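Student: Heads up: the sequence lines are chains A and B, in that order. Under our numbering, the letters of the first sequence match residues 1 to 684, in that order. Under our numbering, the letters of the second sequence match residues 1 to 268, in that order.
These are calculated hints, taken from the structure and not from any lab test. Note that this is a predicted model, so its numbers are computed, not measured. For glycine and all other residues, C-beta sits at the position ideal for the given N, C-alpha and C. Certain hints may be false.
Unchecked claim - Simulated restraints, written as ranges between beta carbons of each label pair:
{"hint": "1", "chain 1": "B", "residue 1": "G237", "chain 2": "A", "residue 2": "D336", "range": "38 to 48 Å"}
{"hint": "2", "chain 1": "A", "residue 1": "L662", "chain 2": "B", "residue 2": "A117", "range": "15 to 25 Å"}
{"hint": "3", "chain 1": "A", "residue 1": "D336", "chain 2": "B", "residue 2": "G179", "range": "19 to 29 Å"}
{"hint": "4", "chain 1": "B", "residue 1": "L216", "chain 2": "A", "residue 2": "P140", "range": "15 to 25 Å"}
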Amino acid sequence: MDTLRTLPGDDVRQIMWRFTDRYDIQMVVQSARSLARGLVARLVAEGARKTHEWTDHKAQLLEAFDTSGLTALFMDPHQGGFIDGPKNLALALVAFELAWVDAGAATCSLATNLALAPIHERGTTEQRDEYMGRCVPPLPGEDRAPFRGAFALTEPLPYVGVETNTLVGKLRVAKWEEGEEPILQVDKRGRFITGMDFANFATCAVDTDDPRIKSSCIVIVEDTDPGLFDRGAPTLKMVHQLSSTRDPVFNVQVPANRIVGGYTVKDGVIVPNFTHSEIIGAVFHRTRVPVALMTTAKLLSAVEPVIRYQRQRFRGGDASEPGTPKYELGLQAKPDSVLRLVEIWAAGEAGASLGFATARLFDQLDPTEKEKDKVFAERGICGPKSQLTALRKVEKQAIEYLQMEAAPTRDEARFAELGQDTLVSYALLESLANILCPACKLWNTGNGATVMREALALMGGYGITEDCPGFLFYKWTDAQLEATYEGPEAVQRRQLSITMTNEVFLTRLRIIIEQFAALGEAKPETGATVVAKGLGLWLWTIEFLHRAKDPSGARLYHNRRQNVTFPMADALCWLMASYCQINDVMELAEKGPENAVVAEGLEGTLGFFTDLALVQAARAAGEASRVCASMVYGFGPQAAEELDAFDALRSQLDRSMAGAALAKDRAAQALTQVMIPEALDYPL
Amino acid sequence: MSAGYHIVVCGGIVPDPLQTLEPVQGPAGWGLKNELMLPAILDPWAGHALFEAANLAKNVPGSKVWLVSMGPKAKLQQVMMTIAQKVPFELVVLDGPASGFADAHETGAALAEAIAAIPGLDTSRLLVFGGWQSASRGAGATMQVIGEKLGIFEQFQGVDKLEILADGALRVLERVEGGSYQDSVVSGAPAVFGWATGELPEPPNNPQVGMQNMRLVMPALQKAKPVKLEKGPEYSGVQIPSQKRETRVVKDAPVDQIAKEIVDWLSA
Chain A
1 MDTLRTLPGD
11 DVRQIMWRFT
21 DRYDIQMVVQ
31 SARSLARGLV
41 ARLVAEGARK
51 THEWTDHKAQ
61 LLEAFDTSGL
71 TALFMDPHQG
81 GFIDGPKNLA
91 LALVAFELAW
101 VDAGAATCSL
111 ATNLALAPIH
121 ERGTTEQRDE
131 YMGRCVPPLP
141 GEDRAPFRGA
151 FALTEPLPYV
161 GVETNTLVGK
171 LRVAKWEEGE
181 EPILQVDKRG
191 RFITGMDFAN
201 FATCAVDTDD
211 PRIKSSCIVI
221 VEDTDPGLFD
231 RGAPTLKMVH
241 QLSSTRDPVF
251 NVQVPANRIV
261 GGYTVKDGVI
271 VPNFTHSEII
281 GAVFHRTRVP
291 VALMTTAKLL
301 SAVEPVIRYQ
311 RQRFRGGDAS
321 EPGTPKYELG
331 LQAKPDSVLR
341 LVEIWAAGEA
351 GASLGFATAR
361 LFDQLDPTEK
371 EKDKVFAERG
381 ICGPKSQLTA
391 LRKVEKQAIE
401 YLQMEAAPTR
411 DEARFAELGQ
421 DTLVSYALLE
431 SLANILCPAC
441 KLWNTGNGAT
451 VMREALALMG
461 GYGITEDCPG
471 FLFYKWTDAQ
481 LEATYEGPEA
491 VQRRQLSITM
501 TNEVFLTRLR
511 IIIEQFAALG
521 EAKPETGATV
531 VAKGLGLWLW
541 TIEFLHRAKD
551 PSGARLYHNR
561 RQNVTFPMAD
571 ALCWLMASYC
581 QINDVMELAE
591 KGPENAVVAE
601 GLEGTLGFFT
611 DLALVQAARA
621 AGEASRVCAS
631 MVYGFGPQAA
641 EELDAFDALR
651 SQLDRSMAGA
661 ALAKDRAAQA
671 LTQVMIPEAL
681 DYPL
Chain B
1 MSAGYHIVVC
11 GGIVPDPLQT
21 LEPVQGPAGW
31 GLKNELMLPA
41 ILDPWAGHAL
51 FEAANLAKNV
61 PGSKVWLVSM
71 GPKAKLQQVM
81 MTIAQKVPFE
91 LVVLDGPASG
101 FADAHETGAA
111 LAEAIAAIPG
121 LDTSRLLVFG
131 GWQSASRGAG
141 ATMQVIGEKL
151 GIFEQFQGVD
161 KLEILADGAL
171 RVLERVEGGS
181 YQDSVVSGAP
191 AVFGWATGEL
201 PEPPNNPQVG
211 MQNMRLVMPA
221 LQKAKPVKLE
231 KGPEYSGVQI
241 PSQKRETRVV
251 KDAPVDQIAK
261 EIVDWLSA
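Okay, chain A solo, but in the shape it has when bound (with noise of 0.2 Å):
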């Protein structure tokens, strides 16, 4: 039988994320592996990370992203970018090609987009085009430097930001003259704030501190307005030493045309727009994607080293002659040490999956969610309750629309119609990024970061020095703040919570659950079945806890009861990482033979990854019924048919985990046999 030949190269990649026809984020790619292999790796072999200031050394990076074409990715054509339409995967990717070598870098290279993010959803369209212009680099023939933004929402303690709706940052009419724009005053501190060293403007989330101002807003500020833009002291953080972080002082005067969004005025009153909660929403559901990929790029890029490593470690010495298995396999002799890699990559596999489905789903969702909004202005829904509202009177139609869809027989001028009914749409796209964002934010970084450790160990006492190659101590270190920054995991934990137990996504689960049967029943090897029972088991349990009470009289599911919310919220993120991985795993199946070059040792290569697929469902639906088990049997005793019901359905998935480890067996093998590089294609 066929065993993976080589390392999966890029027409294996751009099947399975998806991106085979799109030449122009392929050279994107290349663009930001190239820059990632060469100066930033670069920049880390020669200690650029050894401080908390920004330096010349790193500055080069700016340069590099400009001249590469990272930073007008974010742009449209007409604003100087070039690449139309929604670029969540193309910056999903870019992330992720940079984090293979040093995620801080990739979080620079995000940074004034990050800046840009509140203008670029929410801003009006002179606010959009004037500053998304003015983030381009220059032109062949123009004489100005780019402007470069971070975004201010995280404050010093007690406050701190993203989740809260408390802001210590504040904003005053400063002066108001009849007939002439509004003048505000902005005072607003930063903390953990990122490319302040070198932002020409910063986007603040503020709270009004005036009965003229009406509400919260997002403001911009510009380093040349009048008034203190003081970069403070740099934050003394120990990861993504690449980036430039700070805690600023702004208290600076700007025209009220900076509110972001606009605003309006009634009654002498100004009316921004937009909430700052409102526009943060809209921004950190895309953002936190790369963020999740970050480290998910980590688990993958420490394959390659890992092996040679294993491979090398005997060699050169006294100990073994070539020829001999010790020479020649090094650790790969011992069935450890590759059964460990098989975990790694496996878990690194389900979390490319994820990711990569979430950006995908957000390039889908990004022009539905304009038509949305427009729909909502021609019917005069404004506010956030009042959206929110009509959105639930179509989830009716959005659960008839998947039901009909996945029936072999159907009214089809029905189903056209709710087809083409924008806010269905809406709602069925809403619903699944709902649960995929928070979960790739939440399961790739938290549990990457573990998983992370675990290829450290495999490089024994070389992983915790600087002569690792591949960066992988720091890569372990960087993954904490991955976890952390743009909503710490508590935060995503929360999120699902809530939106787990919506209809329409429950819907559509239980037609996920019958797909899976179904797939399960004709592919076997691709851990369908395991991922289907999984995903039962977990429906069935939280069914059961919205029903079922403790000793006490309390309900078990409810919001502030995080010891159970939170705990399948974590098994549901380990379930839909793999039923994404295998999804990934079908389409190589389908589309590998149509290519030339994938279509050689295909075999090879779908093999092993259905077997990878199969040990992380193994994996996956084993977390999920530890978990399941513990809400079920854990909260006191339940009605007796409860149990029963949960222990056959529990028995059906540990039966339908069989022949997993003999998949890892396998998988385990093809890593002694796969042909790597002679050398990494970095420095260290």
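Since the structure of chain A is already known, use the hints to place chain B on it.
Tutor: Just chain B, lined up with the frame of chain A:
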């Protein structure tokens, strides 16, 4: 030269040199183990030729650059995702082998035929560029064959510098033995130049250039002409140069002794 040059760069693809390159004999002859699955790059020697061509075209108004490349088109497409971002060119694709074991004469003939068929090519203004050598066991003969087939007999090999003189003549520096250059002047096009490393660094990726090139690259890949080379030479044996590593474990050696051994080794 007011009308500019028509510069045709011949450039193949080779496996990424960092990969493990292990010769194996298959049903179709010699090749590298898993060659089709290994990541490929533009042959570095041809890369230098391409960057020099683009620079020349930029400095001589009215010039145009074509890249004529033979290789499996799926592999070529991947390589183009990087190369197309470097400099402006129009791609001509021959869907054929890129193996280092292909016969230089057959390869040269196919490339010459493709060059002659380029629509609108003015042979009186033609400069044919390519790599003097190849990273994949180059025979060092392909460029000469192309020139002969096209009837271009002004040929220069190991070129590091090409300068346009005031009268339109071309001054060429070719590598010769002992680190010296042969300094020649040719009255003008047409001519063939097998480039060594040239003088230019690799340009950074520029996605704007890439998007511009891609408008023509993708159609060129789609209409690539299949090329089947006749059987070339038979190789009685193929092997990679053996690596030699001698390690001694010596404990407590004085610094002076270590230094002396290093100096002796360097002097040997």
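Student: All the hints need checking, so say for each whether the structure fits it.
Tutor: Results of checking the hints against the structure:
no.	hint	in the structure
1	G237/B to D336/A: 38 to 48 Å	40 Å, holds
2	L662/A to A117/B: 15 to 25 Å	56 Å, violated
3	D336/A to G179/B: 19 to 29 Å	54 Å, violated
4	L216/B to P140/A: 15 to 25 Å	21 Å, holds
When each numbered hint is compared with the structure, violations occur for hints 2 and 3.
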